[in-house]
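Top to bottom, those sequences are chains L and U. Counted from 1, the first sequence has number 48 at position 48 by my numbering; the numbering is strictly sequential. Counted from 1, the second sequence has number 5 at position 5 by my numbering; the numbering is strictly sequential.
Hints listed in this document are in silico derivations from the structure and should not be mistaken for laboratory results. Quick reminder that beta carbons are idealized off the backbone N, C-alpha and C, glycines included.
Covered by chain U, per the in silico footprint, the following chain L stretches (three or more residues, Cβ under 8 Å):
(1) 36-42
(2) 45-58
(3) 92-98
(4) 103-113
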Amino acid sequence: DGGITQSPKYLFRKEGQNVTLSCEQNLNHDAMYWYRQDPGQGLRLIYYSQIVNDFQKGDIAEGYSVSREKKESFPLTVTSAQKNPTAFYLCASGLTGRGSPLHFGNGTRLTVT
Amino acid sequence: SQQGEEDPQALSIQEGENATMNCSYKTSINNLQWYRQNSGRGLVHLILIRSNEREKHSGRLRVTLDTSKKSSSLLITASRAADTASYFCATDGNGGATNKLIFGTGTLLAVQP
Chain L
1 DGGITQSPKY
11 LFRKEGQNVT
21 LSCEQNLNHD
31 AMYWYRQDPG
41 QGLRLIYYSQ
51 IVNDFQKGDI
61 AEGYSVSREK
71 KESFPLTVTS
81 AQKNPTAFYL
91 CASGLTGRGS
101 PLHFGNGTRL
111 TVT
Chain U
1 SQQGEEDPQA
11 LSIQEGENAT
21 MNCSYKTSIN
31 NLQWYRQNSG
41 RGLVHLILIR
51 SNEREKHSGR
61 LRVTLDTSKK
71 SSSLLITASR
81 AADTASYFCA
91 TDGNGGATNK
101 LIFGTGTLLA
111 VQP
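Input sequences plus hints: build the corresponding full structure.
Here it is in structure tokens:
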């Protein structure tokens, strides 16, 4: 079955530690995205990539980093510079055309204490 | 920056009733999409309506778009308990050639059996 997989589902870290969230897709999509979701809020775009080895900052990129070495994979690193890292992180993929529907993974809930 | 705003923030209805959610946005769009999110899960694409369309149907879903008012509505007819979820609108805004969807804050729908 084609789909997008995020792992792990739950992640706990101590403050000051970097942590990497995994996102893999087998939908052959060129574009991939990372969104952050906080309670009572919509999704905010962290980073996106339209092609391998290229990515752009979204609206809230500070304290995050990404890589896109393979078409299928778009890992997100939450660094210690991110002031409020506790959140629900969603990865998505889609075609590159403007307004194309996105396919989402089931998210990683990160808790930093 | 958030572009879509849903109204109401929360809606509780009885099974069998219709549910209507509204979305307002700020800039010109190519299309508007609606997504559904079950608690603790990723978003699922429901329906897309293009800027030159006024109404679109898909099963029990009916979407309208009024570009002059920069607003859209999602109607779910004959609701079921399984429709309980959060519903988000998303627009492509003025992202140029890139597919940067901007999500609203969502409407939490509770359908009582």
